[in-house]
Structure formats: structure tokens, C-alpha cells
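Residue numbers (my numbering), protein chains in the order written: chain A, 1 to 283; chain B, 1 to 283.
Repeated chains share a single entry, so a pair holds when one copy, or any two copies, can fit it.
When the alpha-carbon atoms are kept at most 30 Å apart in a straight line, the in silico DSSO-like pairs for lysine-lysine are as follows: (1) K24 / K211; (2) K211 / K251; (3) K128 / K251; (4) K109 / K81.
Hints are computed from structural coordinates only; laboratory data are not their basis.
Keep in mind the model is a prediction, meaning the values are calculated, not measured.
There are 2 protein chains.
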Amino acid sequence: MAFGQISILGVGLLGGSIGLAMRKIQPDCRIIGYGHRQETLDRAMQMGAIDQGLTNVAAAVAGSNLVILCTPVGTFENLLKEIASALAEGCIVTDVGSTKRSVVELAEKILPPNVHFVGSHPMAGSEKRGVEFAQADLFRNAICILTPTARTDSEALKEVGTFWLSLGMGICRLTAENHDHILADVSHLPHLLAAALVAIQPAESSLLRGKGFLDATRIAAGDAVLWRDILMDNSKNLQHSISRLQQELQKIVSMLQNGDSEGIRQWLADAAARREQLGAEPL
Amino acid sequence: MAFGQISILGVGLLGGSIGLAMRKIQPDCRIIGYGHRQETLDRAMQMGAIDQGLTNVAAAVAGSNLVILCTPVGTFENLLKEIASALAEGCIVTDVGSTKRSVVELAEKILPPNVHFVGSHPMAGSEKRGVEFAQADLFRNAICILTPTARTDSEALKEVGTFWLSLGMGICRLTAENHDHILADVSHLPHLLAAALVAIQPAESSLLRGKGFLDATRIAAGDAVLWRDILMDNSKNLQHSISRLQQELQKIVSMLQNGDSEGIRQWLADAAARREQLGAEPL
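Bound conformation, chain A alone:
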């Protein structure tokens, strides 16, 4: 894999980090950034995350071998329409979106047949926003999920996989539907719960926040637009996850009401054992 030029559409935490990582891995690759704010592009240039910043997305993708969508998933439809006719023949398009079913569907519908789309979800990032928090090793030791379809070009799939591997990620493949189903449980519901936990706190509790509370709710500080897009896009799966969580809570409430001390101990012990197996770090 050697891309002569790549385009990063949306130079925030993820896009900026991709630029910084590429700079290290393949210094001769030209990196074009697209954003709607010149200030962000200037910042990304200063940091060395991109070589050139453009506010015209069609111009930003022209001549690139790889185009990566790094804006909130809610913007993908317009973005794909705007770049469709400007992409170079054989160009590979991928993305970093946290939902995949609708993204893959849109890309396969909108992009012309002479370019190749491969859906990606690099599970890296943080609650921080903006290129100023970008770092070259953001992706290291995290997992990237690829969601090829029957229409996905196998060479393009291999190239995109190699690209994320070169950034230090582990890769795995899921169908887009399966991805969204699992991510509702492991990512979207946890985000929603963290926000709900913050939302119901009375003012008095803010002084009494312990490390446990702060860790459990850290993700709730994430970007509201980004997460609105994710939750709305994965609404059906998310509602199913919420419903299962509600059932689990109802089980606990019953045990509390019945004074079922041993039941609660067993339930906590099972969760503790499962959580311990997961360890402290991804992978």
C-alpha cells in the first residue's frame, strides 16, 4: 500500500489523528484536508496533520487515491453527493462513522461504479473534540471494524484493511447490520446511559463525584451532534438495547424489593467476573 495522495474530509480529532499518523508512516503521501472552517484547516496545517486545507470538498478529493469521511454520519449523504463526480477513477472511499448500515447503503447508492467504497469503523477516539487533541498514535492497539458487502471490491477491502493495520489497529469484519446491532450494546447504549446518569444528578452531587462516577460518565462529554447522528441512525437497535437494560434493571429492583441479598451478590459477582475478563485496555 502506498497512496500518493489522500483526502481527509473533516479534520477533527479522528481526521487530524489520521493525518498525523500517515505523516509518520508514509511521509511522501500528500494529505489534503477538507473542512468548512478555514481556522480549523489552518490549525491542522500548523500541526502537520495535512499538507493543504480546502473548503471546497469536490476540489479536496480531486486526484486522491483514498478519501476518508471523518465528519458526523449525519453529513455523509450530502458529502457523498458532493464528491461523487469529483472522485478519481479507481479511488477508494472509506469512513470512520460509528454506524454502518445506513452509511454503506448511502455510499453504494450515491458513489459511481468506478470508485470503491469500504465501510470502516475505527473504534478509537475520546470525548475530546477538535484537531487540537489529534495524536498520531490514537488508533494504536484499537480495533477497526470493516463492513464489506457483496458489492465490495476485494482489492479495495484489502487496501483499506492494510491502511488501518498500518495505523496500529487490529481489524475485524462484520456485516453492517451486525455491526450496528452489536455497537448499540457496546457503545451507543453506554453513551446514552452515561448522559442519563449525568442528567439525573441533583446539584448537590457535583461536589461528591468520586472517581467511579467520573469514569463511568466520561463519555457523556462527547460531541452532541456527532452522538445525535449515531443514536438517531441506530435508533431501532438502540431501542432494543434500552429495553433489555430496562428488563435487567427491573430484575434488580425485584431483588431489592424482596431483600434477595444472595441474588444480588450473585448478579454482582457474575458482572464483576465478566468485567475483569475484559481487562483495562481494548484488544
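Put chain B on the given structure of chain A with help from the hints.
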């Protein structure tokens, strides 16, 4: 404040850390540890957390100026009964329990009038268990909540406050009832939710755990017996917290079902703003 001898009942993460901290702050203080397993006491001795380890709790408190209960709150009733007649005249008794109403009630009922009880809840610790994880600075920059009652001796209250301050903690005072009410929201519900989040995960999600999920569920690895005691003891408040969380979830479900994109964005933005204000560290 200068205690000639203190007794730590239960030499685990918290008890061991108190010992190590006291060793630094007041090297001439004699530290007696009580535990039911000789092995743990030996380990605590080796680490320098205690000077002597005893498996007889009455013997362990004899002659001490300060006795700190560091076992799970469910054991406090028996422990208080066992030490009641062995405590030195004027001895101060405190604890590290995560619930306070029942603890204060028990202590004031069981302990003789010639000793002074002050309820404490140092909000420090981690999901780790055992004296091997003890550290002298565990309490630094965390908050300790004191829960005096009308019967609490004001000198003893001052001494206990000074003790936690000397370990690097901030202190604040609440009624025991208010403590339990607030902690249900800020600590007990978050623990329960973390465990529930782990409990509902399908097996496939374990590979796909991101940093967000791991942080959000870290506390679920906590000791099951310790947390069973806390959840059972604060059952009423906790049920109220669960019910408020369920209402919040219902609100989100309605917004998702109605496609209320702007409502969800606003809700997420409010939570993100509140969470950001809390910062990354306690205090």
C-alpha cells in the same frame, strides 16, 4: 492530633492504604490490624501497613485511641458488638462505609457512652481488592464525608476531620440520611448500571469493547460482597434513583420513536456541558 495507637479493622485496599498513609504522617503511631485471615495480616505487615496483626477483634482494639472499621458494611453490626466492651475509655470509632444511615444508627445503639463514634465515608478506592493494591496516597485529593448527629462529640468530630485532612482529603459534612440519598445517585446507581451494562452484553461484543465501554464499566469489577451490602443497605434510595433513571430513559425512547433529532441533540448537549464542568478528577 497525635494518636498513640490506632486499630484498622479489615486490612484490605482501604484499611491497608490508611495504614501506609499513617506510617508516613505519624511514624511513631502504633498500627494494629484486624482480619480473619492470617495470610492477609502477614501481607499487610510485610508491606508496612500495620505493626501487628490480630485475628481477635477485641484484642485488636484494646488500648487504641482511634478504631476504624474498614470491612464491608454488612459486617459492622457484629463487629461493633464484639468491640463494644473492649474499647478504651474515650476511644474514637469511625468507619469507611459507603452507606451511613444504618451504620450511624447501629454505632450509636451498640457502642458504650464512654467512646465516641463519628461516621466517615472517604470517597476513595478502586475496583481493585486486597491489601496488595493499598497505597499511601489513595486518599489524596479525594473527599471524605462526615455524618455527625446531635449525639456526636464535637471534639471527636474535629479529630476525625483532622485525621482525614492529614491523609490529604477534603472533608464535608452531611446528615447520614442526606449522604445516603445523594450517594444513591452519584455512586450506587452508577455501580449498578455498570454491572447491568456488562450483564446484557452478548458474547460477540467482548472483542469490540472500546475505551468508552471499558471506562464506563470499570467499577463493575468491584467486590460483590462489598457492593451487595451497600446496595441492600441503601435499597430504598437506590430504588428511587433507578426509577428516575428509568423515567429519563423513557424520555429518550420517546424522542427516538418520534424522530425528535433536535430534542436528542439538546439532551446530549446539556449532559455534555454538565459532564464537562465536572472535570476529570474529584475535587
